Every structure is written in structure tokens, then in C-alpha cells.
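Given the sequences, and given the hints that come with them, work out the whole structure.
Protein chains: 2
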Amino acid sequence: MTAPAPFKVKTLCRSTAARTGTLQLARGQVQTPVFMPVGTQGAVRALPPHWLREVGAQIILANTYHLHQRPGEALVERLGGLHRFMATDLPILTDSGGFQVFSLRKKEISEEGVSFAYELDGKKTFLSPETSMAIQQTLGSDIAMAFDECLPPESDFETTRRSVDMTARWAERCLKAHTKPEQSLFGIVQGGMYGELRRRSLAQITSLPFDGYAIGGLSVGEGPEKMNAMLAETMPHMPTDKARYLMGVGRPQDLVDGVATGIDMFDCVIPTRHARGGAIYTFQGRIRITHAKYRRDSYPIDTACECYTCRNFSRAYLHHLFEIGEVLGSTLATIHNLRFFGDLMAKVRASIDDGTFAALRKDIHALYPEKEEEGGKEEARRRFAEDALPVEKPSKSDTRPDTSSKAVRTEGRRSEVRPERAESRRSEVRPERAESRRSEPERAARRPEGRDARRDGARNEGPGRGDKRAPARREDKPREGHSGRRDGKDSRPTKKVRR
Amino acid sequence: MTAPAPFKVKTLCRSTAARTGTLQLARGQVQTPVFMPVGTQGAVRALPPHWLREVGAQIILANTYHLHQRPGEALVERLGGLHRFMATDLPILTDSGGFQVFSLRKKEISEEGVSFAYELDGKKTFLSPETSMAIQQTLGSDIAMAFDECLPPESDFETTRRSVDMTARWAERCLKAHTKPEQSLFGIVQGGMYGELRRRSLAQITSLPFDGYAIGGLSVGEGPEKMNAMLAETMPHMPTDKARYLMGVGRPQDLVDGVATGIDMFDCVIPTRHARGGAIYTFQGRIRITHAKYRRDSYPIDTACECYTCRNFSRAYLHHLFEIGEVLGSTLATIHNLRFFGDLMAKVRASIDDGTFAALRKDIHALYPEKEEEGGKEEARRRFAEDALPVEKPSKSDTRPDTSSKAVRTEGRRSEVRPERAESRRSEVRPERAESRRSEPERAARRPEGRDARRDGARNEGPGRGDKRAPARREDKPREGHSGRRDGKDSRPTKKVRR
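Protein chains in written order, with the numbering used here: chain L, 1 to 499; chain S, 1 to 499.
Read the hints as simulated data drawn from the structure, not as lab findings. Note that the structure is a prediction, hence the values are computed from the model and not measured. Do not take every clue at face value.
To be verified - Straight line, CA to CA, 30 Å or less: simulated BS3-like cross-link-like pairs of lysine-lysine:
1) Lys107/L to Lys226/L
2) Lys123/S to Lys293/L
3) Lys10/L to Lys362/L
4) Lys293/L to Lys124/S
Said to hold, decoys possible - What the simulated footprint calls covered on chain S by chain L, stretch by stretch (three residues with Cβ under 8 Å from a Cβ of chain L suffice, anywhere in the stretch; the number is not a length):
5) 84–98
6) 293–301
All C-beta atoms, glycine included, are put in the ideal place defined by N, C-alpha and C.
Laid out in C-alpha cells, this is it:
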């Protein structure tokens with residue numbers, strides 16, 4: 001038994017399959033398309049949760065696999081459930097743990113479920129459709145996800161077909177095992193990199209009475225072209241009357257592309273993880289606050305942003321915090337990045353409603369290009385800066401530097417252009433290949449620097465769903481995010497020698 | 001030229017030399033006795049500064065030595081001064097850098113000043129009364145401190161006498177070099193562990209027209225008995241019409257003892273540093289939130305506390321955050337600890353005004369004993385718990401566990417007693433000796449666990465003024481707090497293996 005999560009389409013885009021809508025949950029209404037910040041282990045990292053609403057979050061993510069291990073769902077329930085535990089009254093979606101388990105190398109998969117040893121203490125654990133449902137119901141999330149098998153993108157056709165069929169049988173078991181009336185349950189469409197199998201999985205999963213449908217197994221290292229090809233194969237056949245959720249995506253350019261295919265929900269660790277490495281998202285492009293050019297920069301990160309960080313602090317102050325390794329820098333950057341993703345989705349919704357989504361999508365692609373040659377960045381920047389003009393922005397705080405809108409735009413143009421270009425050239429080298437030439441210690445050394453999401457396998461703070469190389473690397477100690485100690489390291493920005 | 005910081009005594013304690021008063025600064029009135037949180041490098045660590053007022057901070061500290069190195073006072077001035085840089089409108093006191101410089105091993109001291117190489121990049125630096133004044137005036141703090149020489153506590157009489165006399169000559173030079181009309185300037189009394197020299201320094205310094213007088217060179221590893229002996233030699237001779245500031249102190253028991261001698265101002269890194277290690281201060285005693293017994297504890301840290309952390313989170317949640325190494329734990333613990341110190345000083349002021357300070361002091365000593373035998377802990381706990389009774393505390397938030405005052409007190413009694421005792425026995429071993437038996441790597445491994453303040457040399461986040469062993473250990477790389485990287489490590493709680 002599940003709680004229907006009624007989804008109502010509000011506006012359909014005329015030039016793409018984008019749509020706005022509302023998803024009604026027991027804890028409130030979610031305006032879609034929506035981006036969901038990730039709080040894998042019961043905390044959005046470095047963020048006191050009272051900021052969630054201020055940054056525009058409407059619903060957040062947590063993870064079954066991680067919370068089952070620590071602190072355990074029984075304890076969370078005893079403490080009043082996941083919302084009280086984390087001190088948020090926002091709706092929470094829990095991922096099923098399927099992705100995390102399948103990113104471990106040592107596991108035994110059978111029709112029944114998956115056995116594995118927990119990487120921190122070797123504790124033997126068994127997860128199945130039934131146990132995953134039980135855990136998620138005990139945690140008390142608003143939306144539970146079906147327990148699925150998620151394959152690496154290079155899996156062959158036959159393996160993928162068998163997996164798709166098992167995921168479908170598991171989906172039925174999930175529905176049967178789900179008994180909590182106030183929790184919604186979403187199914188997950190798989191199918192690897194095969195359009196035929198994507199459609200096969202879609203037919204299987206959407207024939208079952210889930211409250212919403214997710215697309216899994218993408219953004220796992222296959223690259224944006226393949227991902228978009230798979231979305232194109234799948235999305236036209238998705239039911240229109242239920243919410244559609246693209247798991248583990250993504251970068252700003254992926255979000256607008258996903259929206260254009262009709263996706264309503266996204267989640268990704270990019271804004272939080274990159275913040276801790278000093279990579280900051282703005283409507284002028286992405287900046288690395290650790291760069292020497294920000295040392296003396298008295299402007300806020302983004303003069304058009306209303307977040308606590310931009311209202312109160314200069315780029316120079318953030319640069320200083322990262323330079324001295326002060327964790328306050330992580331918190332302030334996280335607040336800003338989440339606000340950027342919140343604002344981006346608000347702009348997406350508004351643009352669908354007023355018929356300008358295609359133009360917005362183009363601008364986002366110009367600011368966050370796959371390849372620099374795509375161009376148009378300057379024009380896009382000007383448009384976002386002009387967006388901020390009509391309302392004469394009042395000074396938000398005594399401590400805010402003087403930022404008349406004119407100064408803002410000039411500054412934006414002057415200081416962003418050249419380095420951003422240099423950066424995007426660097427990061428758009430075919431990342432997997434470039435990286436695979438490096439030794440693992442080298443890669444590890446590069447890790448905390450807030451790299452490109454796709455390289456980063458940035459979907460989850462746990463074993464990387466977003467990471468093609470995961471199975472080959474993981475064994476019983478997934479590379480990232482998983483253990484407190486390793487996470488602690490990740491959150492420390494790279495130390496820079498001062499010039 | 002300095003800005004007078006008019007100090008008015010409000011109430012004199014009848015049984016001790018304690019007093020309440022007000023210190024008038026350009027940025028507002030400070031109620032004394034006051035505890036000043038430390039933001040050495042321009043940030044109270046792990047604390048978004050909008051929380052400063054909520055935790056009861058009235059004035060905060062920053063450091064000349066650190067800010068001179070990074071990001072440099074000229075840049076801070078260009079960015080609008082220290083207050084705008086840090087985004088706080090609270091008054092700021094800057095320490096002169098004297099203590100930090102003298103904790104370095106490689107330095108050349110002359111009548112003129114001190115030369116040294118900055119420990120991070122080897123940059124040659126010269127600090128003197130004149131340069132320290134210039135830096136502090138450029139930073140734009142509300143209270144500047146005179147540039148003094150601070151000796152290790154084991155220095156001999158003759159060395160200390162010469163140092164005291166030079167500090168007096170430097171004090172005159174500071175007054176002459178100080179030209180900023182809106183900044184107050186405090187002198188610092190030194191004199192090592194010699195009562196005669198303390199009085200000599202006091203006569204020299206208080207004969208000069210400073211706006212307030214500080215006592216330096218204590219809490220540097222000499223132990224509470226010697227410190228109290230030196231205070232007893234000095235305080236009766238301090239001018240009564242100006243604010244008196246005991247630098248680098250301290251623990252709750254040191255605060256009430258200092259107040260009893262007539263001290264008006266304190267600063268210490270204990271609340272912030274210990275928070276990052278999971279050592280949490282309450283009116284039931286100090287707890288280690290990393291202890292297994294808090295794993296399932298649904299109560300807030302302190303049921304009588306009104307801070308954001310206690311209003312929203314359980315001990316079990318904080319325990320979980322420290323267990324997974326999530327920095328949000330540092331932030332939440334910092335908020336609580338600073339609020340505890342703020343509340344403690346508010347209680348101290350109220351008790352002086354209503355004639356009950358001696359009783360409060362006794363209770364604090366019972367909860368934070370030098371030796372467990374002192375006893376009375378249970379009675380003191382009950383009194384603080386009863387303090388919270390008259391007002392039936394309304395639930396502060398939906399997420400707060402049910403904490404009827406009865407349950408609270410029972411819980412407090414039940415869960416605190418035995419482990420606290422065990423802990424205090426452990427920590428009251430003569431700390432320096434116990435520690436010196438260990439190798440440096442062993443000590444390093446123990447560092448992040450929020451050790452006893454006195455052992456920790458916890459006065460400053462930079463080279464430890466509070467640390468007797470500092471000169472022997474420091475060389476050009478002070479042990480703690482100084483480099484971003486090392487600080488990053490400190491803030492990561494020790495990883496625990498789950499049982």
C-alpha cells in the first residue's frame with residue numbers, strides 16, 4: 001500500500017517537452033521541476049538545516065544504505081523518525097540503497113537480494129526489495145524508492161536484459177512489501193545504454209501502480225551525449241500523469257536538458273560537494289573561489305544572489321576562509337551553491353510558465369558549455385545581469401559592499417571571462433580518459449578540488465552512482481563519501497601556498 | 001591618542017571582589033563580567049557569524065599576528081575593515097601579536113622589537129610596539145592591546161624583571177604610536193610567576209593612561225594554583241575605575257575564580273576548540289558527545305539551554321554527526337558551547353547583582369572540579385535543573401524531543417553522574433606530566449578529542465599562549481591552529497569504530 005503523490009501538470013512548454021507542475025505530499029506541495037539537495041547520512045553536509053528553506057529547497061534526499069548502517073533505522077524511528085532526527089519538516093525522499101550496494105565490488109546477487117559486508121566494519125548485511133521497503137518505512141521518509149539493480153554503463157546487452165527483468169520482479173515485490181499508507185513509492189526504470197531495454201524496463205515498471213517513476217542508471221559515467229540519447233529513447237513513453245525523476249543529475253546544463261525532456265525531479269551532490277572544494281556556481285558561470293584573483297575581490301560571489309553568503313561576505317573573505325582551511329568557508333559556499341540551484345529551478349519554472357524556457361536553456365548552456373566553442377556566454381551573462389536590474393536591489397546588510405547594479409555588471413564582465421574559459425577548456429578534456437592515465441594516488445590528491453561533476457561521479461555522497469569506474473575501484477572500501485574520516489578529508493579544501 | 005572606554009561599576013559583590021559593570025564602546029555597551037569568543041583569523045571557527053548575538057556574545061577577539069600574515073591588514077582595510085570583512089557589528093578586540101610571536105622559537109628580540117620568519121612561508125617579519133599599533137589601527141578593531149613580551153612560566157627572576165621593564169617601555173611606545181581616536185588601547189601587566197614582579201609591572205603599566213588593563217602571561221601552563229596565586233598578588237592593586245581583562249582564560253571554574261578577584265573580561269578558545277572535538281559544556285557538567293552512551297539519547301544536549309542546537313537536535317543526532325565525521329557536528333557543538341559560556345556569564349552577572357555570586361561560584365566548582373573529592377556536584381546539578389523549573393519551558397520546535405522538566409531532571413541525574421566522575425578522574429591527573437610521558441605522535445593522535453583546557457594550552461587558536469611547553473615545541477611551526485591544513489585536521493573529530 002502506498003500514498004498517492006498526486007501530480008498535476010500546470011504548464012506545458014510549447015517548444016520542448018518541459019512542464020511545470022505540483023507534487024502533493026503529506027508534508028506539503030512541491031513545485032516542479034525541482035532540484036533536491038542530498039543529505040545522504042542524515043545531514044546536508046556543512047549546512048545547519050534551518051537554511052534549507054532559505055536556499056529554496058522544497059524536498060531533500062537521504063539514503064537507505066547509509067542510514068541502515070549508521071545509525072540504523074530502528075534508532076532513527078525511536079528518535080521520532082528521520083524528519084525529527086535531522087530537524088527538518090521538508091519532505092524527504094529516500095533512495096533504496098540499490099545503487100550503493102551495487103557499487104560495492106564484493107557482493108553476492110541472487111533473485112532473493114544482495115549480500116555484502118559493510119565496508120567500515122565488515123558487518124554482513126543483506127538487502128532485498130523487502131528489507132529496503134522495511135528500512136525506508138521505518139525511517140519514515142515521504143517518498144520511498146523501489147530496490148533496483150543498477151549496472152555499470154559498459155554492461156553487455158544480455159546482462160542488462162536479465163538485470164532489467166529482475167528489477168521488474170523486484171519492483172513487484174517492493175509494491176507488495178510496502179504497507180505504509182502515508183509514504184509514496186516510486187519505481188525505477190533501468191536498461192543501461194540500450195534504448196530497446198530502456199523501453200522494455202519502462203513498459204514493465206510503468207505497468208505497475210507506483211506513485212511516480214524514476215530513471216536510474218544514468219549519470220554513471222556514460223557522458224552527457226549517451227545520457228541524452230537514453231533520455232530521448234525513454235521520456236516520450238513515460239506516463240504524463242505522474243512525477244518523473246532523473247536520479248543523480250546533475251550539472252546546470254544537465255538540469256535544463258532533463259527538464260526539456262519532461263523530467264520533474266532531480267538530485268545531485270554537485271552543489272554541496274563542489275562547495276566544500278571551493279567551486280561555486282553563479283549565473284555568470286562557475287568560479288573557483290580559491291583562485292588568486294579573488295584574494296582582493298570585494299564583491300559578493302554573485303551580486304544578483306540573495307543568499308546569506310552573498311548578502312554578507314566578499315569573495316575575498318571566502319577566499320581567505322578557504323586559504324586558511326576554515327570550515328566556515330564550506331558552510332558559506334554550500335549555502336550559496338544550494339541557493340543557486342534553487343534559484344535556477346525557480347527560473348526554469350517561471351520560464352516554462354511564461355514561454356521563455358528555450359531561451360533560458362540556451363543561456364545556461366552558454367554559461368555551462370560542454371565545449372567552449374558553443375559560445376554566447378557573454379550575451380547570456382548580460383541577460384542574467386539585466387534580469388537583476390529592474391528591481392533596484394536594496395543593500396541587504398550593513399556589511400555588504402557597495403554593489404550598484406551598474407558596477408555589478410561591469411565587474412561581472414571584467415573578472416569572469418578569461419579564467420572561466422581557461423577552466424572549461426581544462427575540464428572538458430574527455431575526463432575519464434585523462435583521469436585514467438593518472439595513478440590512483442594522483443587522482444586522490446586531486447579529489448578535494450571540486451572537480452567536474454561528471455568526472456566526480458557526483459551523484460551521491462556514498463559509493464558513486466555517478467561513477468563509471470566505481471565497480472573496478474570500490475571493493476569493500478568505496479572511494480568517497482562513505483566513511484566519516486574520508487568525508488572529513490574531502491571537505492577540507494586543498495591548501496594553497498600563498499604567493 | 002586613544003578613545004576612552006568608559007567603565008562604570010554597577011554592583012560590588014559583598015563577599016568577594018567580583019563586580020558587574022558596563023564598558024562603553026563606540027559599537028555598543030558591553031555588560032561585564034564578559035566572556036569573549038575567539039575569532040583568531042577573522043572567523044569564529046565553524047560559526048556563521050549571525051549566530052554570535054544569539055549565543056550571547058557581546059564582543060569578540062581577533063589576532064594581529066595572524067591577520068597581518070593572512071590576509072594582511074591593508075587588504076582588510078581595503079575591504080572595509082575587520083567588522084565588514086567578518087560580517088559582524090559586534091565590537092572586536094585585537095590581541096597585539098606579542099604572545100604569538102614569543103611562542104615561536106626562532107626569533108630575535110631587541111629593544112626595538114622582534115624579528116621572525118612566518119612559519120608558513122618563511123617570510124621575514126618584524127613586529128614592534130609601533131608596527132603592532134599600526135596593524136591594529138589599520139584592522140579597525142574597537143580595542144587594541146599593547147605589544148608586550150610574554151615569557152614562559154619557568155623563566156627566572158632576572159629574565160622576568162628585564163622583560164617586565166622592557167614591556168613597560170614598549171607600553172609607552174604603544175601609547176605614543178597610537179593615533180586612532182575611535183580605538184581604545186589596553187595595557188598588559190606581566191611579571192611571570194613572581195608576585196614582586198607582577199606588582200612592579202602593575203605599577204608601571206597602570207601609571208600609563210591606558211583605557212583598560214589586562215593581565216597577561218597567565219594560563220600559560222602554570223596550573224590553576226599558581227595562576228590564582230598570581231591573581232591574588234595583583235588584583236587588589238588594580239585600578240577600580242577601568243576594565244580589567246584576564247587574557248586567555250578559561251575554564252568555567254577559572255572564570256568564576258577570576259570574577260571573584262575582580263576581573264571584568266575573559267577570552268579563551270575552549271568553547272570553540274572543544275566543541276570541534278565533541279567536548280560539550282553544560283550546567284550538568286562537561287560531556288563527551290562521542291561517548292557510546294549518547295548513541296541512543298533522545299534528549300537535547302542540555303534541556304535547560306535555549307540555543308539552536310538544543311532547540312532542534314538530540315544528543316543521538318550530534319553523536320551520529322561526530323561518528324560520521326560530519327562538520328555540521330562542529331557547528332552545532334560550537335553554537336551550544338558558546339551559548340553555555342554566554343549563559344554562564346549572564347548567570348554570573350545576575351548573581352553578583354542579587355548577592356548570590358558566592359553560591360553560584362561554588363556550584364560551578366562542583367560541576368567543574370579541580371579534584372573530584374571536592375564534591376557537591378549532585379546538589380549543584382539539581383540547583384541548575386531547578387533554576388529551569390519555574391518557567392514551564394514550551395516546546396521550542398516541532399523537532400524537539402519531549403522534555404518535560406521532570407523527565408529532564410531525572411535524565412540529567414541518571415545519565416550524567418557516573419561517567420562524568422570517571423572522566424574527571426582521568427583528566428585531573430597532573431596533565432603536563434602525564435602527557436610528557438607520551439611521544440609526540442601519541443599526543444598528536446589524542447589532540448582532536450577535546451582535552452582538558454589547561455593541558456590543551458587552549459587560549460588561542462594560534463601558537464599556544466596557554467601552553468607551557470610551547471617554546472620547546474614550536475620552532476617555526478607552531479603546533480596547533482596555525483596553518484589551515486593543521487586546523488582542518490583539528491576540526492575533524494576522532495573516528496570511532498562502531499560497536
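Okay, the hints, checked on the actual structure:
1. Lys107/L to Lys226/L: holds, 28 Å
2. Lys123/S to Lys293/L: Since the Cα atoms of Lys123/S and Lys293/L sit roughly 21 Å apart, the hinted pair holds (cutoff 30 Å).
3. Lys10/L to Lys362/L: It holds: about 23 Å lies between the C-alpha atoms, which stays within 30 Å.
4. Lys293/L to Lys124/S: Answer holds: Lys293/L to Lys124/S is near 24 Å, not above 30 Å.
5. 84–98: holds (count 6)
6. 293–301: holds (count 3)
Hint compliance for this structure: every hint is met.
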